[in-house]
Amino acid sequence: MGLFSSMRISGSALTAQRLRMDVIAGNIANADTTRLNGQRQPYQRQQVVFTPLNQGASSPGDGLQVAAIVKDQSPGRQVYDPANPDADPNTGLVAYPNVDTTTEMTDMLSASRAYEANVTVLNSIKQMAQRSIDLGRA
Amino acid sequence: MPISSIGGLSPLPPRLPLAGAGAGQPAGVDFGSALKQAVGALNQLGSQADASSLALAKGDPIDIHEVMLNTEQASLGFSMAVQVRNKLIDAYTEVMRMNV
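Chain order of the listed sequences is A and U. Per my numbering, the very first residue in the first sequence carries number 60; after that it's consecutive. Per my numbering, the very first residue in the second sequence carries number 122; after that it's consecutive.
Excised from the complex, chain U in its bound form (with noise of 0.2 Å):
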């Protein structure tokens, strides 16, 4: 009784491109590049804060709002920071932990 061969197999379907990481478009900035630019601005509120607090201590005519404003700024940043080290942090054991 014949028996009919087995067919190769079928190619396997086009991978779907990656957002910003396909091969021909870098759409948009990349990761680590996007982060050290919002560290950047994090360095120059803190910097800010800190310029209008020496200004306060050394008597210069600047209002007390503003460096409340300027520190308040930086705080807020500070953890808004935090939070995002720790969702990559999440991330990183999320992934470390994995089963192979």
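Chain A extracted, bound-state conformation (with noise of 0.2 Å):
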């Protein structure tokens, strides 16, 4: 254990969280794609996987990693609009992704306190080395 380890846990975990940042504005900026690949197909919502990195069984381990990006296959929302170029030519229905704006929204301030409470116990881990080096200046 040496001093800078819990700062690499922490380090790690605001890693992460960016990661996730990324995903969730990935969603919200594919939330009306309807197109992919040039076929008539909606996005699909991704979600992000956090595993430890390891984590042994009496160590706080190295932090966590994510450990796989993930669709979400729930089915989309189905819009009735057959002047779309994406409609089905039988039913006119658009396919639209299983993007809910006010899920990523929570998701995003989820991931965004997360990444505060990592900045927070950084500064902690900071101040109790410094205290620990104020401990010479007597």
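Calculated directly from the structure, the hints in this document are not laboratory data.
Partial list, computed: chain U residues near chain A (C-beta under 8 Å): (1) 184; (2) 186; (3) 187; (4) 190; (5) 193; (6) 197; (7) 201; (8) 204; (9) 207; (10) 208.
Heads up, the beta-carbon is just placed ideally off N, CA and C, and yes, glycines get one too.
Bring the two chains, given one by one in their own frames, into a single complex with the hints.
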């Protein structure tokens, strides 16, 4: 356990939350995407899965990492709009992505707060280290 | 009246072996190389901080918190080294002020 190992743990959490933020940004940006690779197919919402890094039975480990970015398989909403170029020619329904902006917003808040929490931990670690350096300044 | 002669001095008790500086056993590293190693590690922290801030300035894909962590580590390490130096100087002046 070096002085900086806890800083590395919190740093990995910061990186993971940044990636989660990227994924959320991609979801919100593609909330109305109806075409994928030139074909009529709605965008599928993405989610991140976190996993602890090198955690032993009695060790705090090295923080966390993103295990995978998975696609949400739930069905999207269908909107009747025959004028849309991506509408189904038979039914006139446009398949929109399964992105719910409200859910993404709450996820975004959650990621932002988690980032803040880890920054607070980092500040605390830094203060502890500075206090122990002050120990020699008598 | 006979006076008994003064007996010879009894031999001195054997010297206590000094840890680390004993004649036969160099237990662990000596102070000089430990210091050199610590300064080397400190230098590495500094160059790591340098490299990451340069990468950020160049626009390479590096997270800001990564840069801040590296600089903070270098800063903490440096203040630690300054404290160690202060202690060394204190010890030196203490010895120099000793009455002989």
